[in-house]
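S.K.: Chain by chain, the residues run as shown.
Protein chains: 2
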Amino acid sequence: MYITQGLHRSMQQQPDAIAVRYQGNGLTFAEFGGRVARLAGALRSLGIRDGERVAMFSLNSQRFLEYLMAVPWAGGVLNPVNIRWSAAEILYSFEDSETAVLIVDDTYRDTGAQVAADCRSLRHVIYAGDGETPSGMLGYEELIAQHEPVEDALRHGNDLAGIFYTGGTTGFPKGVMLSHANLYTSAMNSLMAGSLGKEARFLHVMPMFHLADFSAVNSLFISGGRHVIVPSFDAGTMMESFASEQVTDVLLAPTMIQMGLTWLEQNPDRAAQLDLSSLTGIRYGASPMSQALLARLRQRFPKAGFMQGYGMTELSPAATFLLRENHSDEAVSSGKVRSVGKPVNTVEVRIVDPDGKEVPRNTVGEIAVRGPNVMLGYWKQPEATAQAVRNGWMHTGDGGYMDDDGFVFLVDRIKDMIISGGENVYSAEVENALASHPAIAQSAVIGVPHVKWGESVHAVIVLRTGASTTLEDIQAHCRAFIAGYKVPRSIEFREALPLSGVGKVLKNELRKPYWNQ
Amino acid sequence: MYITQGLHRSMQQQPDAIAVRYQGNGLTFAEFGGRVARLAGALRSLGIRDGERVAMFSLNSQRFLEYLMAVPWAGGVLNPVNIRWSAAEILYSFEDSETAVLIVDDTYRDTGAQVAADCRSLRHVIYAGDGETPSGMLGYEELIAQHEPVEDALRHGNDLAGIFYTGGTTGFPKGVMLSHANLYTSAMNSLMAGSLGKEARFLHVMPMFHLADFSAVNSLFISGGRHVIVPSFDAGTMMESFASEQVTDVLLAPTMIQMGLTWLEQNPDRAAQLDLSSLTGIRYGASPMSQALLARLRQRFPKAGFMQGYGMTELSPAATFLLRENHSDEAVSSGKVRSVGKPVNTVEVRIVDPDGKEVPRNTVGEIAVRGPNVMLGYWKQPEATAQAVRNGWMHTGDGGYMDDDGFVFLVDRIKDMIISGGENVYSAEVENALASHPAIAQSAVIGVPHVKWGESVHAVIVLRTGASTTLEDIQAHCRAFIAGYKVPRSIEFREALPLSGVGKVLKNELRKPYWNQ
Chain A
3 MYITQGLHRS
13 MQQQPDAIAV
23 RYQGNGLTFA
33 EFGGRVARLA
43 GALRSLGIRD
53 GERVAMFSLN
63 SQRFLEYLMA
73 VPWAGGVLNP
83 VNIRWSAAEI
93 LYSFEDSETA
103 VLIVDDTYRD
113 TGAQVAADCR
123 SLRHVIYAGD
133 GETPSGMLGY
143 EELIAQHEPV
153 EDALRHGNDL
163 AGIFYTGGTT
173 GFPKGVMLSH
183 ANLYTSAMNS
193 LMAGSLGKEA
203 RFLHVMPMFH
213 LADFSAVNSL
223 FISGGRHVIV
233 PSFDAGTMME
243 SFASEQVTDV
253 LLAPTMIQMG
263 LTWLEQNPDR
273 AAQLDLSSLT
283 GIRYGASPMS
293 QALLARLRQR
303 FPKAGFMQGY
313 GMTELSPAAT
323 FLLRENHSDE
333 AVSSGKVRSV
343 GKPVNTVEVR
353 IVDPDGKEVP
363 RNTVGEIAVR
373 GPNVMLGYWK
383 QPEATAQAVR
393 NGWMHTGDGG
403 YMDDDGFVFL
413 VDRIKDMIIS
423 GGENVYSAEV
433 ENALASHPAI
443 AQSAVIGVPH
453 VKWGESVHAV
463 IVLRTGASTT
473 LEDIQAHCRA
483 FIAGYKVPRS
493 IEFREALPLS
503 GVGKVLKNEL
513 RKPYWNQ
Chain B
3 MYITQGLHRS
13 MQQQPDAIAV
23 RYQGNGLTFA
33 EFGGRVARLA
43 GALRSLGIRD
53 GERVAMFSLN
63 SQRFLEYLMA
73 VPWAGGVLNP
83 VNIRWSAAEI
93 LYSFEDSETA
103 VLIVDDTYRD
113 TGAQVAADCR
123 SLRHVIYAGD
133 GETPSGMLGY
143 EELIAQHEPV
153 EDALRHGNDL
163 AGIFYTGGTT
173 GFPKGVMLSH
183 ANLYTSAMNS
193 LMAGSLGKEA
203 RFLHVMPMFH
213 LADFSAVNSL
223 FISGGRHVIV
233 PSFDAGTMME
243 SFASEQVTDV
253 LLAPTMIQMG
263 LTWLEQNPDR
273 AAQLDLSSLT
283 GIRYGASPMS
293 QALLARLRQR
303 FPKAGFMQGY
313 GMTELSPAAT
323 FLLRENHSDE
333 AVSSGKVRSV
343 GKPVNTVEVR
353 IVDPDGKEVP
363 RNTVGEIAVR
373 GPNVMLGYWK
383 QPEATAQAVR
393 NGWMHTGDGG
403 YMDDDGFVFL
413 VDRIKDMIIS
423 GGENVYSAEV
433 ENALASHPAI
443 AQSAVIGVPH
453 VKWGESVHAV
463 IVLRTGASTT
473 LEDIQAHCRA
483 FIAGYKVPRS
493 IEFREALPLS
503 GVGKVLKNEL
513 RKPYWNQ
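Here the protein sequences line up with chains A and B, keeping their order. Take 3 as the starting number for the first sequence in our numbering and just add one per residue. Take 3 as the starting number for the second sequence in our numbering and just add one per residue.
Derived from the structure by calculation, the hints contain no laboratory data. This one's a predicted model, so the numbers in the text were calculated from it and none came from an experiment. A couple of the hints might just be wrong.
Since the list gives no way to pick out one identical chain from another, each pair is judged satisfied if it fits inside one copy or across any two copies.
Dumping the calculated PhoX-like pairs for lysine-lysine here, alpha-carbon to alpha-carbon at most 25 Å [to be verified]:
{"id": "1", "residue 1": "LYS454", "residue 2": "LYS338"}
{"id": "2", "residue 1": "LYS200", "residue 2": "LYS305"}
{"id": "3", "residue 1": "LYS454", "residue 2": "LYS509"}
{"id": "4", "residue 1": "LYS359", "residue 2": "LYS514"}
{"id": "5", "residue 1": "LYS509", "residue 2": "LYS305"}
{"id": "6", "residue 1": "LYS200", "residue 2": "LYS338"}
{"id": "7", "residue 1": "LYS509", "residue 2": "LYS200"}
{"id": "8", "residue 1": "LYS509", "residue 2": "LYS382"}
{"id": "9", "residue 1": "LYS506", "residue 2": "LYS338"}
{"id": "10", "residue 1": "LYS514", "residue 2": "LYS200"}
{"id": "11", "residue 1": "LYS514", "residue 2": "LYS305"}
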């Protein structure tokens with residue numbers, strides 16, 4: 003079991019089918035596989051030995067996809083760089099993992115060079131941009147042109163395939179070691195859920211360094227589906243790509259979904275010209291989908307089904323799926339749509355107490371996961387590994403409960419519910435309403451103490467450049483979308499929201515000043 | 003990755019859902035899993051150590067399904083007995099594999115006892131029948147009642163899960179060693195093909211000792227679908243079960259499909275009362291589906307899709323699937339329906355020359371297969387293993403070619419095509435027509451030499467008890483179903499057809515007398 007398997011299969015089965023579309027150009031599986039085998043040859047000639055690390059620091063591109071296949075093909079180990087990190091964090095991860103080769107694109111050329119200058123483990127930097135190769139770097143296209151294709155090293159099973167650094171909230175990040183079997187079995191879960199099959203045309207709009215997107219990469223190679231790539235998220239580019247590439251599937255953060263809908267509303271003439279009917283699968287993660295957002299999406303994408311995934315890097319990454327059928331009106335009214343769904347096929351999920359014993363249903367505990375997708379461990383951190391993985395069970399550190407039907411609910415989400423005057427208000431729903439306000443770029447909704455109602459709805463708002471608004475205006479806007487008791491009672495403006503390493507809003511930081519008093 | 007994983011998941015996720023239906027009774031996953039864990043406890047107390055072999059010699063039953071999960075749960079290795087074998091062959095396989103425990107049902111109690119009397123490796127015989135436990139045997143239900151449930155041994159990955167003996171045409175059979183990962187990944191292919199999901203109710207009518215059925219067992223445990231079991235094939239029982247259990251999926255040999263249709267035609271009153279609308283997935287193997295048979299099936303099962311699998315025990319077992327969409331009218335007219343389809347997701351298939359090099363498309367060679375489903379090897383036969391599996395590629399010994407679209411065609415089938423006066427006549431199609439004749443129990447159609455046409459169509463026929471017919475009568479019957487040039491020009495009657503160990507008609511033996519002259 004090895005993550006290049008599907009590429010081999012498609013090179014043999016459908017050599018002339020389009021493997022990847024990027025910036026208006028297409029490559030067949032034969033062409034793409036040929037470039038991968040040559041890039042692998044170049045990496046070998048640069049001294050990459052079995053199990054050695056190769057990093058990529060880049061926006062999304064066809065070359066990123068080539069990297070993801072060429073490194074395992076060469077026998078190496080992936081280390082995709084979180085593009086939101088500081089140079090210091092990147093340097094740490096390279097030296098910690100003893101990364102030998104770095105590939106950079108135009109966007110990260112300078113930061114990459116800066117890191118490389120300080121890094122003791124790096125032997126080579128490859129420039130995968132479109133300009134002239136900077137001195138001290140090797141040219142990506144030249145390397146491919148100069149090297150013959152090599153045979154796949156066929157590392158497999160429990161062999162290390164990649165080290166994926168997770169943003170530690172305390173101290174420096176940890177390197178999560180994932181094997182070929184981890185990644186391959188995880189990728190099969192999407193296919194077993196009826197998603198990302200051979201007819202799929204998937205838009206890589208989430209950053210490709212992120213395991214959520216890489217898992218889709220692996221699913222698509224297994225099925226033989228098509229990759230469509232855009233450099234990064236931009237609402238307009240995304241919508242144009244949906245139409246021009248007849249995209250069928252996409253993975254998005256809920257905020258991206260909102261921004262996409264807002265773009266359509268703000269560009270009605272262009273929106274009317276776009277044929278978005280091909281989009282049938284919208285996957286999302288990290289936060290629930292509100293009834294209001296679901297309704298808006300259904301109107302725009304009547305054929306689309308929705309699927310949510312919950313997981314973490316240590317789980318390669320999915321542990322649960324909230325499937326299409328769990329987004330029905332019934333699922334909305336029963337509240338199942340606020341869960342993260344049920345364990346994926348290859349996985350068992352239990353809610354456990356501190357002793358590792360399963361707690362009764364509807365009781366909050368720690369979410370523990372067992373299956374072939376559980377990581378090999380943390381790189382060079384046997385103690386942290388032993389603490390996280392006990393008897394084969396990954397202890398996620400996430401709080402949650404399981405209901406009588408086996409649906410898993412995250413406590414983070416429960417915490418993110420505001421109880422105001424006995425009514426439940428879900429922050430996400432209010433944030434959805436705020437997102438369509440023309441002056442608002444971003445928002446985070448929290449509960450703040452209130453003498454009469456217990457909590458009241460408070461919105462922290464980042465304005466669009468040059469825009470202004472008032473509480474009254476915002477309240478009037480929200481009333482068109484959500485019930486009166488959900489409308490913010492107070493607001494504050496900020497320059498930016500505090501974000502975690504992976505881009506989640508740190509709501510606890512926002513809550514702190516209100517609740518500490 | 004271990005084959006009991008799905009059972010654990012369902013015991014936790016849907017303890018009260020029905021796992022298995024047999025003889026009008028149902029067991030929930032909690033009940034079934036509890037029995038499995040107790041039976042595993044009994045096996046351990048009988049001294050079954052990790053990796054030790056336990057055989058089952060039985061018709062299909064709920065207890066057979068329990069055996070298939072309890073042996074790996076106990077850490078043991080499965081050895082399901084081919085019920086068509088002679089006592090000598092079974093004895094050989096037990097001693098070859100050092101099988102320590104045998105479980106027998108009522109049907110095979112006496113043969114089992116006979117084998118046990120001669121077998122040096124067997125320590126215990128367990129009687130899994132409904133009568134009184136014979137002396138010298140242990141009672142299956144008593145063992146379950148007397149033992150506490152034990153923890154799953156959790157053997158996994160490349161650990162040996164079963165030894166599956168294949169009928170060798172020369173000498174004694176070979177024991178194919180399959181690991182947990184072999185069986186588990188193979189089972190996922192069905193799920194990735196959109197079959198045997200959680201809503202499935204699968205009828206086990208093919209013998210459960212056979213890997214084709216066991217693969218469905220594993221798929222269903224992974225998805226959490228329902229098992230419906232009948233002891234063995236009987237056309238009427240099968241149709242009644244389809245209706246009473248609202249079966250959605252079934253795996254059948256093409257002859258069984260014909261016999262089922264014939265039963266419906268011969269029992270029109272009962273057939274009219276049966277609601278067969280739940281059946282949506284009909285899988286078959288071993289021979290192609292003729293246009294005539296497809297048309298008959300579509301009329302009876304308008305909602306059903308068809309899927310063919312090709313493989314062998316050494317491949318756990320599927321290598322290719324001919325999917326639903328490859329049974330369209332277009333696939334019939336293009337001839338794709340006569341192929342075995344394309345490689346399953348986890349597999350690469352190549353047609354190779356004797357040096358192992360891939361031959362050009364449409365060129366006949368040996369079918370070679372690579373993937374995580376390729377066996378560990380032949381038990382105690384390293385030389386035979388090295389000959390079969392080279393560089394990870396299983397050399398099947400089957401001749402075939404691959405067309406420009408990647409569909410694989412078996413040469414056996416090409417040989418089974420008769421060329422008469424320049425027209426291609428597929429034996430299966432003629433056999434399908436013959437199967438609906440009221441006097442004919444079985445038939446095999448071959449080409450025999452003909453001075454003018456090259457070959458002419460000849461039918462070898464086994465009559466139903468007490469029935470008689472004539473060539474003219476048969477020709478008149480066939481003309482209602484197939485074109486004139488496909489109608490047999492000559493016939494012969496036999497008491498029985500010569501069969502291989504796995505029940506395939508040995509057509510070469512039938513052809514020999516005509517072609518040797």
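S.K.: Run every hint past the structure and note whether it holds.
M.R.: Cross-check of the supplied hints:
1. LYS454 with LYS338: neither (30 Å within a copy, 73 Å between copies)
2. LYS200 with LYS305: The answer is both: 18 Å in one copy and 23 Å across copies each meet 25 Å.
3. LYS454 with LYS509: Only inside one copy: LYS454 and LYS509 sit 23 Å apart there, 88 Å across copies, limit 25 Å.
4. LYS359 with LYS514: Classified as neither; 33 Å inside a copy, 68 Å across copies.
5. LYS509 with LYS305: Neither. Shortest intra-copy (34 Å) and inter-copy (51 Å) distances fail the 25 Å Cα cut-off.
6. LYS200 with LYS338: between (30 Å within a copy, 18 Å between copies)
7. LYS509 with LYS200: neither (40 Å within a copy, 38 Å between copies)
8. LYS509 with LYS382: neither (32 Å within a copy, 62 Å between copies)
9. LYS506 with LYS338: Within. Shortest intra-copy distance 23 Å satisfies the 25 Å Cα cut-off; inter-copy 51 Å does not.
10. LYS514 with LYS200: Neither: 48 Å inside a copy, 45 Å across copies.
11. LYS514 with LYS305: Classified as neither: same-chain Cα gap 42 Å, cross-chain 59 Å, threshold 25 Å.
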